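*Asks:* What follows is the residue order along each chain.
2 protein chains.
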Amino acid sequence: MPELRHDPVQKRWVIIATERARRPQDFVFSQPMDNGHDCPFCAGNEDATPPELCRINYPDGTWKARCIPNKFPALRVEGELERAAVGQYDRMNGIGAHEVIVESPDHNKDLPDLGVEEIAAVLRIYRERLIDLSRDIRLKYILIFRNHGARAGASLAHPHSQLIATPITPRTVALELESARQHYQVKERCIFCDIIAQEMQEHRRLVLVDHDFVTWCPYASRFPFEMMLAPRRHNHDFSALTDADLLKLAGHLRNVLRRMKASLEDPAYNFLIHTAPAYHMQNQRSGWGSTITLDWHWHIEILPKLSNAAGFEWGTGFYINPTPPEDAAAFLREVCLDERAQC
Amino acid sequence: MPELRHDPVQKRWVIIATERARRPQDFVFSQPMDNGHDCPFCAGNEDATPPELCRINYPDGTWKARCIPNKFPALRVEGELERAAVGQYDRMNGIGAHEVIVESPDHNKDLPDLGVEEIAAVLRIYRERLIDLSRDIRLKYILIFRNHGARAGASLAHPHSQLIATPITPRTVALELESARQHYQVKERCIFCDIIAQEMQEHRRLVLVDHDFVTWCPYASRFPFEMMLAPRRHNHDFSALTDADLLKLAGHLRNVLRRMKASLEDPAYNFLIHTAPAYHMQNQRSGWGSTITLDWHWHIEILPKLSNAAGFEWGTGFYINPTPPEDAAAFLREVCLDERAQC
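Just so you know, the protein sequences line up as chains B and Y, in that order.
At position 50 of the first sequence (counting the first as 1) the number is 60 in the working numbering, and the numbers step up by one without a gap.
At position 279 of the second sequence (counting the first as 1) the number is 289 in the working numbering, and the numbers step up by one without a gap.
Treat the hints with caution; some may be incorrect.
It does not matter which identical chain is meant; a pair holds if it fits inside one copy or across any two.
[Said to hold, decoys possible] Only pairs whose alpha carbons sit at most 25 Å apart, straight line, appear in this in silico SDA-like list of lysine to any residue:
id : residue 1 : residue 2
1  : LYS197    : ARG343
2  : LYS21     : ARG243
3  : LYS21     : LEU304
4  : LYS271    : ASP142
5  : LYS197    : TYR99
6  : LYS258    : ALA184
7  : LYS21     : ASN318
8  : LYS197    : GLN20
9  : LYS21     : THR303
10 : LYS197    : GLY54
11 : LYS271    : GLN195
12 : LYS271    : ASN318
13 : LYS271    : CYS64
14 : LYS197    : ASN318
15 : LYS21     : ASP276
16 : LYS197    : ARG93
17 : LYS119    : THR72
18 : LYS21     : GLY261
19 : LYS21     : THR179
20 : LYS81     : ASP337
21 : LYS197    : PRO115
22 : LYS21     : SER189
23 : LYS81     : GLU198
The set of hints was computed from the structure by calculation and includes no laboratory data.
Quantities reported herein were computed from a predicted structural model and do not represent experimental measurements.
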């Protein structure tokens, strides 16, 4: 059973994933990316994965996208949450969920290479898993994320996203929730709505704007070409999006990812969705109120991995970004995508 | 002039390093490590660097180690600190210091390949720069760190460490200082002394112990083979170490780094020193008291880069560590170093 351990100085939790334990010797050789032979995520190899949690099919009955439990989970869904002190340290057993969303039956198609309808199917699976897992009151937060490329931590090349649900609210999310709550308390406005208004007005950090969504390079970007995608109208909950909303989001996300892929030679990147915590959805079902509906605004962070975090970043929490977000946004804005007649 | 920018949601500062700006096009090709031709850090090429800040010589008058300003500084030492609002965002101009400690005239000797006396010379330069820069009251914190290998963010192969002094206390340091302060307030004991006592008693996470220093794999290690090195006796201030202390520390650090290098095939890694903040040293000179002398304990974090942080880590601040620190410590403890007769 994996273990959650708490550091008393840095006040953060770590998952010690004994189930996927790598012996020290394993580190001497770096892990190669798979080349497509015997890929467990490819069409025809469905038996190689644990039983499917959900899928979305093409009209011919073959699958477009599917969700499966991770075969080597960082957290496990079975059992009661147990907490204990270990001297002055703290531990919990590793209760949670770890799932994989296989985005396409085709090994060689990356997410932005898929059609808008196909990307929308992936987003519908995200929504379905968020709704389903938020019923489990042991889970406090559900993070959906995507690692593309070895530098971004991907260990399998077949296009996929992941979901990890944790029994505590992660520090990064708690900090963002608290900033949003404090801002609302003082101003009675959503901090993200305020940021979007300033970005729309200043314009120079915008990458893509359409009727429903906006993507920009944040004012204090940590990484070159870092982007933030959010709905233009206030909305705290990704899981409340309709099929029509998800189709529009798929088009916007596809456009942004294609810009990045075309202009930066298919860089490694992570994206992650910050939506309302599972405990909020649980409270809502119980009829409890919460300011999260007013002060929180779901968003997607897109983090290209063009440089490596170094000693300074690890030692301070500061980042050094060699590319001003204004330059990065101008560069991405001006990318000429094939599907557009003019640039 | 570089700029410090603050993110209002994630409450962190970023250095937008316009002086070392890389145009978007620069990212398309990855930066190669230099191969030793025309290396500005090699003996004989001293003219290629900015004027030296300090050096330590061999008896024959040639240099053993030297410190120079970074030619492409992330922060600049000239000017007044200016603060401004940018709409709802915050910025400062990038006042600070960014220096390079060249650890050896020899391009191909890495830090653990040097002799104990030579490593001690590097540590004496660390101490000298900490003392000198802490006199500048614009500076709040001075971080000394080392990046080894491209995966750990090193862009030059010649062995060197760096120093960055910031005009604000970095978030990570502020959090650690606050944890230590709170612990002392309740218990009247140093949190690091408590941790060292538990580690010495449990033994299974220890890597190396001698009369003065101890290195262990932290209970909640973020990364495989992460290590923490600290003095066994309470001491808040690295810059107060004597030459004799630094010689002992050099021997201990050399042993630990050689273990890592020998057993993990020279992995990329970062190490960083967390010592008392510059503002504390400034207060002491002014005769002001502070609990930092009682509640803070300097330490060195050693972070091998065997895996990449991925979307989950960026989205949560949680880490998934596939190697329990107990296994990592046992592995490192049992490494047979050439200089030891028995293992």
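*Asks:* Between LYS197 and GLY54, at a C-alpha cutoff of 25 Å, which is it: within one copy, between copies, both, or neither?
*Replies:* The answer is neither: 55 Å in one copy and 61 Å across copies each exceed 25 Å.
*Asks:* Could you figure out if LYS197 and GLN20 sit no more than 25 Å apart (CA to CA) within one copy, between two copies, both or neither?
*Replies:* Between copies, since 18 Å is at most 25 Å while 31 Å is not.
*Asks:* Can you tell me if LYS81 and ASP337 fall within 25 Å by alpha carbon in one copy, between copies, both or neither?
*Replies:* Classified as between; 23 Å across copies, 42 Å inside a copy.
*Asks:* For LYS21 vs THR179, is the C-alpha pair at or below 25 Å within one copy, between two copies, both, or neither?
*Replies:* both (13 Å within a copy, 17 Å between copies)
*Asks:* Taking 25 Å as the upper bound on the Cα-Cα distance, should LYS258 and ALA184 be classified as within, between, both, or neither?
*Replies:* neither (29 Å within a copy, 42 Å between copies)
*Asks:* Using 25 Å as the alpha carbon limit, work out where LYS81 and GLU198 are close: within a copy, between copies, both or neither.
*Replies:* Classified as neither: same-chain Cα gap 45 Å, cross-chain 47 Å, threshold 25 Å.
*Asks:* Measure nothing new, just compare the shortest in-copy and cross-copy C-alpha distances for LYS197 and TYR99 to 25 Å and report within, between, both or neither.
*Replies:* Between copies, since 15 Å is at most 25 Å while 39 Å is not.
*Asks:* At 25 Å max between alpha carbons, let me know whether LYS271 reaches CYS64 within a copy, between copies, both or neither.
*Replies:* Classified as neither: same-chain Cα gap 29 Å, cross-chain 46 Å, threshold 25 Å.
*Asks:* Within, between, both or neither: how does the pair LYS21, LEU304 come out at a Cα-Cα threshold of 25 Å?
*Replies:* Answer is between; shortest inter-copy Cα gap is 20 Å, intra-copy 28 Å.
*Asks:* Between the shortest in-copy and the shortest cross-copy C-alpha distance, which are at most 25 Å for LYS21 and GLY261: within, between, both, or neither?
*Replies:* For LYS21 and GLY261, the Cα distance exceeds 25 Å both inside one copy (39 Å) and across copies (31 Å).
*Asks:* For LYS21 and ARG243, with the copy left unspecified, which applies at a CA distance of at most 25 Å: within, between, both, or neither?
*Replies:* between (35 Å within a copy, 24 Å between copies)
*Asks:* For the identical chains here, do LYS21 and ASN318 meet the 25 Å Cα criterion within one copy, between copies, both, or neither?
*Replies:* Classified as both; 24 Å inside a copy, 21 Å across copies.
Hints 1, 4, 6, 10, 11, 13, 14, 15, 18, 21, 23, counting from the list given before, are not met by this structure.
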